[in-house]
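Student: Spelled out, the chains give:
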Amino acid sequence: MAGQDKMALVLSKFKDSLFRLGPLILLIYICISEFHTQFYYWAIFSFNFQFIVIYYWILRDPDILGYGFVFICGFINDVVLSLPLGTSALSYLFVSLVAAYVRNATVRTSLFTDWFTFVIAVFIGNFIYFFLMNKFADAGIEYTTLFYNSLFTFILYPLFWSIFEVYKKITFARRND
Amino acid sequence: MSTSRDDFGIVIRSALLQRGARQKFSLFALILLSIFIFVLDNSNLKPIKILRSLINDGIYRISAVSSSPIKFSGASKDFFVKHIFTYQENERLRKELEDLKSKDFQSSFLEAENNKLQDVLELEKKSPYSVVNAKVILDKNSPYLNSVIINKGSNAGIKLGMPVLNEGYLAGRIVEVNFVSSRILLLNDLNSRIPVVVSPSGTQAILSGIGKREPSLEYLPDNFMLSEKENIVFTSGKDGVLFPGIAVGKIVLEDNKKFVKLFADPDQINVVSVALKQQEDGGAR
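Protein chains in written order, with our numbering: chain A, 1 to 177; chain B, 1001 to 1285.
Since the hints were derived computationally from the structure, they do not count as laboratory data.
It is possible that part of the hints are untrue.
[As the list claims (entries may be wrong)] So the derived list for chain B, only partly shown, Cβ under 7 Å to chain A, looks like this:
no., residue
1, Val1011
2, Leu1030
3, Leu1032
4, Ser1034
5, Ile1037
6, Asp1041
7, Asn1042
8, Asn1044
9, Ile1059
10, Ser1063
11, Ile1070
12, Tyr1087
13, Val1180
14, Arg1183
The structure displayed is predicted, hence computed values, not measured ones.
Here a beta-carbon is modelled for each residue, glycine too, at the ideal position from N, C-alpha and C.
One chain only, chain B, in its complex shape (with noise of 0.2 Å):
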């Protein structure tokens, strides 16, 4: 008994201790060092966030340069998937136009009565937000992260918590700034829980990200019932960091249970625009 454990303790000691002419350091050692370096990126001290800011954005360009080629795989891939689908996507388009022709009329009518009520109350036809726009330079997933890499840190002005667009609806909030990139959690990430109003029933409810592609509605009232029309989610601005009224996506049932179909789909997000204020005068979308 004792000598199987003194063996145990050997063979232990010589795994964590062993070097070789490879092996320029002992197991022991690095463990060690990285413990240390753990320690060290928790304390939370000035300057090691300031080294490592500089470390990420290093490592972020090293980064989305080797990313090039699986980027271009990535691209060739949905040309030719995009060709294959040329007739289907024709057709469909083709129905979509008839479709609009119809509302076209309707559209015209309420644009016009915008147009007129805007000019009454003497609002500016301009974006309700003051906005940055930034390349997305690395999207890395991991099984327990959803999140991408921009190109614009604190040097654009970017700051901790602000939404972030993509063509107009909210795809996360900034949740790292470095000098000159940042990383933007996405919706429908583990960690992403953002307050939401469900429209046209103002109804209060949490989006929580749960690591698969649509995000789920949380915390609805029990009598919470579906509208007939389209349910879409907007932001509520409860938090006091994002702005109200972005809109989020369209609530679709899955067995029973609501999920939010997003606008800005995570897995297409090549631009973005961080909202860096809300203007004045600007409304909600």
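In isolation and in its complexed conformation, chain A is listed as follows (with noise of 0.2 Å):
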């Protein structure tokens, strides 16, 4: 009877650790799966999501998000890119800055400050990648294509904040049981 408690307790503390580190596994998923975020047949929509997971866990959980897992998940975006090392990881490190900022800056913070406050993390972000990508790197990029991937990241933040939202009191009432 106490090895089947025993049994129920590890495969409970189990889920626990894999919800936990469901956001990061996420990243890791989509920095090294073939996840699209930009489709031919509306060639104008793309969006960064993984700006949009970095800033929000960085800014409500930094305990599930930790800055070596943004690095090393940038480090994987480059390679399967084919971009210079290190152009996502300083791309995601400064949005983690400015989260990062925000949080320790704000007492409270709802969905409208974490939102006007993203402008400043993907323009920073966005900025860090295009000057690192047009000095040092032999690639073209499309000025009209990375504003249209800045607006639709920031369009779609408050959508994925209400997901992660949902996600994040699922984990803490599991937390707390």
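Since each chain sits alone in its own frame, please combine them into the complex, following the hints.
Tutor: See below:
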């Protein structure tokens, strides 16, 4: 009987850990797999899902997403997309920096404060990406593509914010059970 | 005023240097590390290149495995969509078959004539290129890059710049070679520029990727007129890298601009042939 209880406890702890690791697994998966955020059929539509995940979780629950993992995800993204190593990592880390700054500077956060400070994060993240690619890499970037990417990333933030809020509540409830 | 500046300094310093139970590294240290890696990667040192090749090979394999659920869902969707449109496709194919039947007599005659001419010229009927077939293991698009990864690299004799064919049509060129994998830059990528020739007029132009499905034709002469027949685009080989005469696509007009509908659909590339070299006695397609 005691063995069964122990087993149930281990299983429950494993499930909790898996839930807590969800955002990290999601971030690694979108960086390493063929997860598409650009579609030919509506060419102007593309968004940077990584920025949304990083910004939300660093801002709302930094214990779930460590800076080291953000760095590794950037590194993986550079390899998969054949960018100079360090480009995405720097871009993601600056998004994390804005999120960490907002977290330290504000007491109460809401969707609107998060959303509007996210503009600064997207701007800085994409500016770093654009600067490094433009100055050091041989790849062409279209300003309009980058603009639409930033715009749709900004527009879609509240949607993912709501989904992540629900997820966070579920994780919190599980932890306190 | 100075107080708010002090506050900003304190908060930013805290954000950069703060570590916690889960945050093993400070942001500042990781930013420095990223800059260091970026500088190393841009230094073009041979050991770094070899290391990057090894890392690329490893991550591409993991990436290919982790992408299998996405590939499976894509294939399932295609399967259902194909079944839904089977009737329409059947009608279209029936019409095409009738057209083809009418053309069959003409093509038989041309084939016989072609064989006869080849006999006269004593040409061997074989593929004009020596190729290596490879499978696409990763197809990750970004808003800025349209490229795919294949499962063959320098171990199969692949080198930078080699043309890549899909069902005999140009699909792109090799832009990165690792030991057991390579990256193909597709023709619709923003960075793709291919010298081409338009048939039947023989006009030279540059095929430029614009990040959309159909690349555009640039540097056409001002007095260029489209022929009434189909205007097919072939590689011209002017760059000295791509072989001349590889079929690329046909010209389509959109808002008076000339785009090229590619024969090798960039969305449907699964297996490719990398043309290693042109057979000495092989002609153009």
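Student: All hints, please: hold or fail.
Tutor: Each hint, compared with the structure:
1. Val1011: holds (5 Å)
2. Leu1030: Nearest chain A Cβ about 5 Å off; hint holds.
3. Leu1032: This hint is violated: Leu1032(B) lies away from chain A, its Cβ roughly 10 Å from the closest one there, beyond 7 Å.
4. Ser1034: holds (4 Å)
5. Ile1037: OK, holds: Ile1037(B) within 7 Å of chain A, min 4 Å.
6. Asp1041: Holds: closest Cβ of chain A sits about 4 Å from Asp1041(B), inside 7 Å.
7. Asn1042: Nearest chain A Cβ about 5 Å off; hint holds.
8. Asn1044: violated (11 Å)
9. Ile1059: holds (4 Å)
10. Ser1063: holds (5 Å)
11. Ile1070: holds (5 Å)
12. Tyr1087: violated (23 Å)
13. Val1180: With Cβ-Cβ at 14 Å, over 7 Å, it is violated.
14. Arg1183: This interface hint holds because 6 Å falls under the 7 Å limit.
Going down the numbered hints, you'll see the structure goes against 3, 8, 12, 13, while the others check out.
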